[in-house]
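Asker: Sequence:
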Amino acid sequence: MDKMTITYYGHSCFQVSYHGASVLFDPYQHGSVPGLELPKGIEVDACYCSHAHADHNARDLVKVTGRDPFPVTRMEVPHDDVDGRKRGMSRVTLITCGGVTLAHLGDYGRLPTDPEYEVLRSAQVLFVPCGGFFTIGPKEANELIRHVGARLAILMHFRTGWQDYDVLADISQIRTIFDGIDERKESVLSFACDAVPEGVVTLQPMQERR
83 MDKMTITYYG HSCFQVSYHG ASVLFDPYQH GSVPGLELPK GIEVDACYCS
133 HAHADHNARD LVKVTGRDPF PVTRMEVPHD DVDGRKRGMS RVTLITCGGV
183 TLAHLGDYGR LPTDPEYEVL RSAQVLFVPC GGFFTIGPKE ANELIRHVGA
233 RLAILMHFRT GWQDYDVLAD ISQIRTIFDG IDERKESVLS FACDAVPEGV
283 VTLQPMQERR
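So for the sequence shown, my numbering puts the first residue at 83; every next one is plus one.
In short, the hints are calculated from the structure, not lab data. Do not take every clue at face value.
If you anchor each label on the Cβ, the simulated ranges turn out as follows [claimed, not checked]:
#1 Tyr199 - Thr178: 29 to 35 angstroms
#2 Arg203 - Ile259: 19 to 25 angstroms
#3 Tyr199 - Ile259: 18 to 24 angstroms
#4 Glu268 - Pro116: 18 to 24 angstroms
#5 Ser254 - Asp165: 31 to 37 angstroms
#6 Gln289 - Lys168: 16 to 22 angstroms
#7 Glu119 - Lys267: 17 to 23 angstroms
#8 Gln111 - Gly181: 22 to 28 angstroms
#9 Leu143 - Gly181: 16 to 22 angstroms
#10 Gly117 - Arg203: 22 to 28 angstroms
#11 Val146 - Gln255: 34 to 40 angstroms
#12 Thr147 - Lys267: 28 to 34 angstroms
#13 Glu280 - Arg257: 26 to 32 angstroms
#14 Lys122 - Thr258: 20 to 26 angstroms
For lysine to any residue, the following SDA-like pairs were computed, each having C-alpha atoms within a straight-line distance of at most 25 angstroms [said to hold, decoys possible]:
#15 Lys145 - Leu271
#16 Lys168 - Glu158
#17 Lys221 - Pro160
All of these numbers come straight from a predicted model, not from anything done at the bench. Positions of the beta carbon are idealized from the N, C-alpha and C atoms, including for glycine.
Whole structure, please, built from the sequences with the hints as guidance.
Answerer: Structure follows, in structure tokens:
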């Protein structure tokens, strides 16, 4: 079976590639995320931005060459724990390719409702914010992952050393909440669609050499 490839560019930005097509989630504007710079020359078929904040909405920096290559579903959720009254709304985006459904949770600001959990349970792969302050924190992310039951959860929107906002939970804090995070040293994760890895994973942001 063909392989799926997931590339992490930092913060909440991921590229998913399958069978010659690719999509990008939440590219960030230059200077919007401390310690991170979106690499130049990213080219994809479609780009999905969860909301209009600069650290999730840099479609103008990406070359988008076509229409949606995979079936896509979007679900609006609050960017905070007061129904969007503080930070507005964000979107969850689900795509399906190679028989695998992936859900990018954007800036989820609270735990899902029962109907939202039902949507998320269709996913085998989750991209989950866990840094707190702007989104759910480590404890909520851990609860969400357990309730959804996806095979693979990739953490995002947290701080590692000098990278990302200093108000976010650092990876050292996140380790104390999750049981056995697979902290990978690479930026790219590839797997056969009939053999999705199992567990909670972090990836290293792909950055241009300076």
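Asker: Now tell me, hint by hint, if it's right for this structure.
Answerer: Status of the hints after comparison with the structure:
Between Tyr199 and Thr178 the Cβ separation comes to about 18 angstroms, which falls outside the hinted range of 29 to 35 angstroms. Remark: the range hint 19 to 25 angstroms for Arg203 to Ile259 is upheld by a beta-carbon distance near 22 angstroms. One distance hint, 18 to 24 angstroms for the beta-carbon pair Tyr199 and Ile259, holds here, with the actual separation near 20 angstroms. In this structure the supplied range 18 to 24 angstroms holds for Glu268 paired with Pro116, their Cβ-Cβ distance being about 22 angstroms.
Hint check: Ser254 to Asp165, Cβ distance near 32 angstroms, so the stated range 31 to 37 angstroms holds. Take Gln289 and Lys168: their Cβ atoms lie about 31 angstroms apart, and the range 16 to 22 angstroms is violated. Separated by about 20 angstroms at the C-beta atoms, Glu119 and Lys267 satisfy the suggested range of 17 to 23 angstroms. Under the hint 22 to 28 angstroms, the C-beta atoms of Gln111 and Gly181, about 34 angstroms apart, miss the expected range.
Roughly 31 angstroms separates the CB atoms of Leu143 and Gly181, a value that falls outside the hinted 16 to 22 angstroms. Gly117 and Arg203 have their C-beta atoms about 34 angstroms apart, which leaves the hinted 22 to 28 angstroms range violated. Separation of Val146 from Gln255 is about 36 angstroms and conforms to the stated range, judged on CB atoms against 34 to 40 angstroms. With their beta carbons about 31 angstroms apart, Thr147 and Lys267 fall inside the hinted range of 28 to 34 angstroms.
The hinted window of 26 to 32 angstroms between Glu280 and Arg257 is violated, with their beta carbons roughly 19 angstroms apart. For the pair Lys122 and Thr258, the supplied restraint of 20 to 26 angstroms is violated, since their beta-carbon distance comes to about 37 angstroms. A hinted pair counts as satisfied when its Cα atoms are at most 25 angstroms apart, and Lys145 with Leu271 qualifies at roughly 22 angstroms. Taken as a hint, the Lys168 and Glu158 pair is honoured in the structure, with Cα atoms around 15 angstroms apart against an allowance of 25 angstroms.
Pair hint Lys221 plus Pro160 holds up; C-alpha atoms about 18 angstroms apart against a cutoff of 25 angstroms.
In this structure, the earlier hints numbered 1, 6, 8, 9, 10, 13, 14 are contradicted, and the remaining ones agree with it.
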